[in-house]
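Colleague: Given only the sequences and the hints, what does the whole structure look like? Please build it.
Here are the chains, one letter per residue:
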Amino acid sequence: MQKRTILAAFLLAFGLTAQAQRFFTRDAKVQFNSETPLEKIEAVNKSGTAVFDAKTGQMEWKVLIKSFLFERALMQEHFNENYMESNRYPSATFKGALMQPADMDYKIPSVNKVRVKGALTIHGVSKDIEVPGTITIGESTLTFQSTFTLSPADFGIDIPGVVRDKIAKTIVVKVNATLSPMNK
Amino acid sequence: MKKTLPFLIALFFGPFLFAQDENGDLLSLLGEESTVEYATASFKTNRVVNGHSLENTAAGVLDFKISHRFSPVRNGIYDLFGLDGATIRFGLDYGITDRLMIGVGRSTKEKIIDGFAKYKILRQSAGKRNMPVTLSYLVDAQIKTVKFPEEERENYFSSRLYYTHQLLIGRKFNDQLSLQLMPTLVHRNLVLTRAEKNDVFALGAAGRIKLSKRVTLNAEYYFVLPDQISSDYTNVLSVGFDIETGGHVFQLHFTNSSDMTYKGFITETTEDWFFKSAEGKSMSGIRFGFNISRVFTIVKPRGLY
Numbered sequence: 001m002q003k004r005t006i007l008a009a010f011l012l013a014f015g016l017t018a019q020a021q022r023f024f025t026r027d028a029k030v031q032f033n034s035e036t037p038l039e040k041i042e043a044v045n046k047s048g049t050a051v052f053d054a055k056t057g058q059m060e061w062k063v064l065i066k067s068f069l070f071e072r073a074l075m076q077e078h079f080n081e082n083y084m085e086s087n088r089y090p091s092a093t094f095k096g097a098l099m100q101p102a103d104m105d106y107k108i109p110s111v112n113k114v115r116v117k118g119a120l121t122i123h124g125v126s127k128d129i130e131v132p133g134t135i136t137i138g139e140s141t142l143t144f145q146s147t148f149t150l151s152p153a154d155f156g157i158d159i160p161g162v163v164r165d166k167i168a169k170t171i172v173v174k175v176n177a178t179l180s181p182m183n184k
Numbered sequence: 001m002k003k004t005l006p007f008l009i010a011l012f013f014g015p016f017l018f019a020q021d022e023n024g025d026l027l028s029l030l031g032e033e034s035t036v037e038y039a040t041a042s043f044k045t046n047r048v049v050n051g052h053s054l055e056n057t058a059a060g061v062l063d064f065k066i067s068h069r070f071s072p073v074r075n076g077i078y079d080l081f082g083l084d085g086a087t088i089r090f091g092l093d094y095g096i097t098d099r100l101m102i103g104v105g106r107s108t109k110e111k112i113i114d115g116f117a118k119y120k121i122l123r124q125s126a127g128k129r130n131m132p133v134t135l136s137y138l139v140d141a142q143i144k145t146v147k148f149p150e151e152e153r154e155n156y157f158s159s160r161l162y163y164t165h166q167l168l169i170g171r172k173f174n175d176q177l178s179l180q181l182m183p184t185l186v187h188r189n190l191v192l193t194r195a196e197k198n199d200v201f202a203l204g205a206a207g208r209i210k211l212s213k214r215v216t217l218n219a220e221y222y223f224v225l226p227d228q229i230s231s232d233y234t235n236v237l238s239v240g241f242d243i244e245t246g247g248h249v250f251q252l253h254f255t256n257s258s259d260m261t262y263k264g265f266i267t268e269t270t271e272d273w274f275f276k277s278a279e280g281k282s283m284s285g286i287r288f289g290f291n292i293s294r295v296f297t298i299v300k301p302r303g304l305y
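As you go down the protein sequences, you meet chains E and V in turn.
Be aware that the first sequence starts at 1, since it is given in the working numbering, and climbs by one per residue.
Be aware that the second sequence starts at 1, since it is given in the working numbering, and climbs by one per residue.
Rather than coming from a laboratory, the hints here were simulated on the basis of the structure.
Remember, it's a predicted structure, so these values are computed and weren't measured experimentally.
Check each hint, because a few of them may be wrong.
30 Å max Cα-Cα, derived DSBU-like pairs, lysine-lysine [unchecked claim]: (1) E:Lys46 with V:Lys300; (2) E:Lys62 with V:Lys300; (3) E:Lys29 with V:Lys300.
Modeller: Structure, rendered in structure tokens:
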């Protein structure tokens with residue numbers, strides 16, 4: 001009897017959120033590369049977090065700058081120390097929403113082309129971006145994929161003359177994340 | 001009643017709580033994930049000037065070092081401020097793991113070959129694990145391969161050997177300032193006189209101040225505890241700049257030692273920065289020197305992508 005009242009109380013308290021279907025991940029993969037004739041730079045972060053609200057189409061992403069891994073340790077150090085200043089600006093965030101959230105039925109597996117609009121904050125500088133992507137609806141998960149380009153200059157990332165030929169003006173960013181339901 | 005109270009609270013406030021995040025912070029739903037954040041780049045490279053710094057060569061990375069120490073600058077333009085005479089050390093350092101590194105080197109002075117291993121016992125970190133300092137242990141052996149002065153005498157190979165044990169305790173206080181202390185023991189198998197100790201204890205102190213993103217000011221001093229070495233020898237003080245340019249670190253410095261091996265700069269430094277000669281003349285033992293470090297990634301980290 002006691003157990004049932006507890007259960008009932010729980011359902012009452014949390015029942016509201018069960019409808020607002022939210023998805024999340026803590027191991028979103030965010031990759032970027034910079035390619036110039038002189039140098040190819042590639043880095044990957046496999047521990048990004050993301051939360052997506054299917055009802056409203058809103059989403060938030062966050063990656064720790066220090067969690068980007070490079071093939072060359074020195075590049076990683078310079079990335080953190082000289083360019084991203086990761087002690088001052090430890091993370092990059094994106095806060096945005098799908099542009100046509102109502103078009104999708106999250107119960108039926110399918111592949112959907114989407115556009116996402118929102119504010120991307122890197123190196124303490126916010127910029128509104130609009131990027132294309134796909135959302136693959138699976139049995140119980142959502143897979144987000146997107147490829148877009150960014151320019152370091154837009155985020156106040158200073159690249160000195162001596163390495164200007166080694167770092168591309170536009171950086172290609174790839175995002176791949178599989179989100180699971182948040183409240184079961 | 002006691003048991004039902006929390007549920008009543010949940011009943012009342014639950015909907016409000018969720019209503020609040022409806023229009024905002026989705027990420028806060030996840031709560032803060034705590035990670036361990038290790039302090040990195042406390043120094044630009046694994047040496048301060050002559051001795052080691054808190055930093056290690058990263059795993060799979062080979063660091064090629066070319067170092068020079070010139071003659072004292074006091075003779076001026078006649079020998080180009082000491083640049084005419086140089087002692088040279090070539091070295092290779094390699095990171096086996098992010099915590100363990102090894103290295104070898106050869107110096108022109110006394111044709112010394114040195115080899116060392118350095119292990120990070122503690123790593124300064126914040127976040128999930130809070131560790132205020134980095135602690136490293138360094139063991140270094142030096143073999144003097146120059147011919148014995150009296151070859152006809154019975155000479156032992158062991159007389160060529162020197163060992164150094166060093167603890168490096170330090171902290172990166174902020175982006176600009178890092179400080180470290182280095183209690184050091186230099187063991188010399190053979191010494192000149194009975195008064196000189198085989199085991200020499202010294203306490204080193206070093207630090208760096210970051211002047212800009214790519215330039216730091218370093219200083220390093222080793223204090224040899226009294227009554228261990230001949231009074232002909234003095235303590236080594238070095239001040240220099242680290243300039244980092246992509247794959248290289250240039251360390252340009254002023255020091256009063258011509259040695260780049262532990263037994264040399266700790267126990268055999270002959271002239272102070274400023275001293276009086278036997279004739280009472282004011283002189284300076286300051287020398288110019290540099291280390292150039294170039295890193296190569298030999299083993300790429302696995303499973304990156």
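Colleague: Would you mind confirming whether the straight-line C-alpha gap from Lys29 (chain E) to Lys300 (chain V) stays at or under 30 Å?
Modeller: Distance ~20 Å between Lys29 (chain E) and Lys300 (chain V) Cα, so the pair holds.
Colleague: Going straight from one Cα to the other, do Lys62 (chain E) and Lys300 (chain V) come out at no more than 30 Å?
Modeller: holds, 27 Å
Colleague: Are the Cα atoms of Lys46 (chain E) and Lys300 (chain V) separated by 30 Å or less?
Modeller: holds, 17 Å
This entry satisfies every hint, going by the numbered hints stated previously.
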